[in-house]
Structures are given as C-alpha cells and as structure tokens.
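So the protein sequences, as listed, match chains A and B.
The opening position of the first sequence corresponds to residue 1 in this note's numbering, with each subsequent residue numbered one higher.
The opening position of the second sequence corresponds to residue 1 in this note's numbering, with each subsequent residue numbered one higher.
One or more of the hints may lead you astray.
Identical copies look the same in the list; a pair holds intra-copy or inter-copy alike.
[Said to hold, decoys possible] Here are the simulated DSBU-like pairs of lysine-lysine, each with C-alpha atoms no more than 35 Å apart in a straight line: (1) K181 with K108; (2) K31 with K136; (3) K70 with K181; (4) K2 with K136; (5) K7 with K111; (6) K181 with K6; (7) K5 with K181; (8) K136 with K5; (9) K136 with K154; (10) K70 with K31; (11) K127 with K70; (12) K70 with K2; (13) K7 with K136; (14) K31 with K7; (15) K136 with K6; (16) K31 with K181; (17) K2 with K181; (18) K31 with K111; (19) K136 with K181.
Source of the hints: derived by calculation from the structure; they are not laboratory data.
Protein chains: 2
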Amino acid sequence: MKTFKKKDFPVDQIRRFLEPGPIVLVSSFWKGKTNIMTMGWHTVMEFSPSLVGCMITSENHSFEMIRRSKECVINIPTVELAEVAVGIGNTSGREIDKFEHFGLTAVKAQKVKAPLIQECFANYECKLADSRLLRKYNFFILEVVKAHAPASPKYPQTLHYRGQGVFMVSGESLNLRRMFKPQNL
Amino acid sequence: MKTFKKKDFPVDQIRRFLEPGPIVLVSSFWKGKTNIMTMGWHTVMEFSPSLVGCMITSENHSFEMIRRSKECVINIPTVELAEVAVGIGNTSGREIDKFEHFGLTAVKAQKVKAPLIQECFANYECKLADSRLLRKYNFFILEVVKAHAPASPKYPQTLHYRGQGVFMVSGESLNLRRMFKPQNL
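Could you build all of it, start to finish, from the sequences and the hints given here?
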C-alpha cells in the first residue's frame with residue numbers, strides 16, 4: 001500500500017485536512033492491544049488549544065479503549081484506503097487484530113501510546129480533553145497534541161461519507177483567497 | 001440565482017448532505033431582525049433525535065441571536081453560492097441586512113422563526129437542544145426538527161473549507177454498498 005513521507009505539522013493548522021469532513025480511522029491502545037475504527041462524525045472546535053470533537057458509539061470496542069486510556073490517534077485515509085476503511089467498520093477489535101488483518105503498519109507515536117497508521121496521509125495524536133458529553137452523547141472532546149503530514153500534496157484525495165454505502169471523493173479546489181478579509185483566512 | 005423545488009426530507013436522514021462536511025449558511029431571527037452567517041465547524045451527533053453540534057464564535061452577531069431565540073436554520077449552499085458564502089463571512093449583521101445585501105430570498109420556516117434561504121439546496125430547521133458547552137466552547141447542540149430538500153440531484157455539489165481562502169468542491173461518488181454490513185448502512 002502507498003505510504004507517505006511525513007513531517008511535523010503545526011497542530012493549530014490541522015483543520016486543513018479535517019475541516020472538509022473526511023471519514024477518519026481512529027487508532028487506540030489499551031492493556032497491550034491496539035484497535036482501529038472508522039469514524040465520520042467529528043468537527044474542529046478550536047485552533048489553540050487544537051480541539052476536535054467526535055462521536056464514537058459506546059458499542060464500539062474502541063469506545064472503552066479511548067475512554068480508559070484517554071488517548072487515540074486520528075488518521076486521515078485517502079481514497080486508496082476506501083475498501084480498508086469499510087472493512088475496518090465491518091469488523092470488531094474484540095475479534096481480530098485490525099492492523100494485522102488489514103495489512104496496516106503501526107508506527108510509534110511521540111506523545112501517546114496509540115499507534116499511527118503509516119498508510120494514512122496524516123496522523124493526529126490526541127489526548128482526551130473533556131469527557132463531560134461522554135455519558136449523554138458519546139461525544140469526546142480531544143486535544144491534538146502532535147500532528148504528522150506530508151509536505152505534498154497540499155490537499156489529499158479524502159473520502160466523505162454520504163450514508164447508504166456511498167462515499168464522496170474530495171474534488172477540485174476553488175481558491176477565493178482574494179475575496180477574504182485577512183483576519184478571516 | 002438558482003432555486004430548488006423542495007420536499008419534506010426525513011430529519012433522521014439529514015446526514016446525507018451534512019456528514020460530508022460542507023460549509024453551511026446559518027440563518028437566525030431575533031427581535032424582528034434576521035441574520036446569516038457562514039459556518040464550517042459542525043458534526044452530526046445523533047440520528048433520532050436528529051442532533052447536530054456546531055461551533056459559533058461568540059464575537060459573531062449570530063451567536064447571541066441564536067442563543068437568545070434558541071432557534072436557527074442550517075442552510076446548505078452549493079458551489080454556485082461560493083462568493084455569496086465568502087461575502088456573508090466578511091460582513092456583520094450588526095451593519096447590514098444580509099438577505100437584502102446578497103439578494104437572497106427569506107422563506108418562512110414551519111417550526112422556527114428563523115427564515116429558510118430559498119437559494120440553498122437544503123434547509124434544516126433547528127432548535128437549541130443543549131447549551132452546556134456554550135460557555136466554554138461556544139458549542140451549540142441543535143435538534144433538527146424539520147428538513148427540506150429537493151428529490152434530485154441526490155447529491156449536491158457542496159463547498160468544503162480547507163482554510164487559507166481555499167474551498168474543496170465535492171467530487172465523484174464511490175459506491176461501496178456491496179461491502180457494507182446491512183446494519184452499518
């Protein structure tokens with residue numbers, strides 16, 4: 001599978017790949033085991049600290065792993081990983097080792113114990129910042145404490161879920177920079 | 001400007017247009033005045049009740065209008081409205097009437113006082129469902145109580161913000177329905 005040569009990426013700029021709304025692969029680590037889940041419900045919440053909010057159904061094996069370890073990695077896959085992302089969503093970490101089953105490479109993270117997925121375009125190391133919405137909404141507020149992304153391409157071809165088994169693949173860029181007020185960029 | 005012939009749309013299916021992560025136009029109404037803002041930080045949170053979480057900076061004129069009225073409409077624009085969306089983000093409802101200034105048509109909603117924007121592809125009438133994250137994160141949890149969308153096209157060409165004045169326009173569909181477990185669709 002394709003891999004990417006990554007550099008440190010500023011955590012206050014992680015919106016570039018996350019704000020357009022791609023599905024992501026969330027990796028976790030707890031009691032000696034890793035896991036991966038596919039996630040589509042998330043939003044950027046703040047630049048600095050770099051916050052991301054996301055919904056993880058409590059039936060997911062990953063839910064307890066992230067809640068207990070208070071850490072995870074948000075990995076951003078490109079279109080080449082579409083079938084892998086669906087496969088990860090179809091299976092449970094209770095039954096299989098997803099890194100092994102899907103031929104993915106676990107790379108050591110710098111600030112969390114959860115592994116980075118090497119085959120994903122970007123990797124955001126996260127720590128649980130606020131759990132007050134966990135009980136009612138299964139909503140995690142995470143702080144991105146370290147980010148990794150390639151210098152190019154500037155914009156990866158990401159996958160965006162439309163429901164009913166259909167994804168949208170990210171399309172053309174439309175640069176309207178000339179129209180923006182500097183403070184709104 | 002282009003308009004759409006809309007039908008009632010099931011509130012538990014509003015993810016179809018929102019989950020891929022488009023920027024949206026949020027309309028509001030308070031004390032006899034309407035307003036519109038451009039928003040990019042939001043996520044679906046639940047199917048039923050149909051919940052959407054979103055971040056609105058408290059400096060925005062819309063913030064207090066939505067907080068006080070406890071209502072708004074999430075309007076989903078297509079690529080034709082790109083320059084209008086930027087213009088709306090560049091201006092303040094404290095100074096101008098955005099419907100008038102941008103030539104948009106305010107249509108009466110059914111369940112909220114905030115108006116629908118006729119020129120947008122879909123309109124989701126929302127009531128404030130939970131304000132506990134307002135003070136710390138400016139994060140509104142909204143319930144979609146009524147939705148309007150055309151029967152076709154099934155997938156509109158939406159705008160997704162990448163930062164620095166650059167949008168991504170939604171691209172091709174990738175149908176992997178055959179790979180999904182029925183309960184995951």
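Right, here's what the structure says about each hint:
{"no.": "1", "hint": "K181 with K108", "in the structure": "between (40 Å within a copy, 32 Å between copies)"}
{"no.": "2", "hint": "K31 with K136", "in the structure": "both (26 Å within a copy, 33 Å between copies)"}
{"no.": "3", "hint": "K70 with K181", "in the structure": "between (38 Å within a copy, 29 Å between copies)"}
{"no.": "4", "hint": "K2 with K136", "in the structure": "neither (39 Å within a copy, 41 Å between copies)"}
{"no.": "5", "hint": "K7 with K111", "in the structure": "within (15 Å within a copy, 49 Å between copies)"}
{"no.": "6", "hint": "K181 with K6", "in the structure": "both (31 Å within a copy, 34 Å between copies)"}
{"no.": "7", "hint": "K5 with K181", "in the structure": "both (34 Å within a copy, 34 Å between copies)"}
{"no.": "8", "hint": "K136 with K5", "in the structure": "neither (40 Å within a copy, 37 Å between copies)"}
{"no.": "9", "hint": "K136 with K154", "in the structure": "between (38 Å within a copy, 33 Å between copies)"}
{"no.": "10", "hint": "K70 with K31", "in the structure": "within (13 Å within a copy, 44 Å between copies)"}
{"no.": "11", "hint": "K127 with K70", "in the structure": "both (6 Å within a copy, 32 Å between copies)"}
{"no.": "12", "hint": "K70 with K2", "in the structure": "within (30 Å within a copy, 48 Å between copies)"}
{"no.": "13", "hint": "K7 with K136", "in the structure": "between (37 Å within a copy, 32 Å between copies)"}
{"no.": "14", "hint": "K31 with K7", "in the structure": "within (29 Å within a copy, 51 Å between copies)"}
{"no.": "15", "hint": "K136 with K6", "in the structure": "between (37 Å within a copy, 34 Å between copies)"}
{"no.": "16", "hint": "K31 with K181", "in the structure": "between (49 Å within a copy, 29 Å between copies)"}
{"no.": "17", "hint": "K2 with K181", "in the structure": "between (38 Å within a copy, 27 Å between copies)"}
{"no.": "18", "hint": "K31 with K111", "in the structure": "within (17 Å within a copy, 49 Å between copies)"}
{"no.": "19", "hint": "K136 with K181", "in the structure": "between (39 Å within a copy, 27 Å between copies)"}
Comparing the model with each numbered hint stated earlier shows that hints 4, 8 do not hold.
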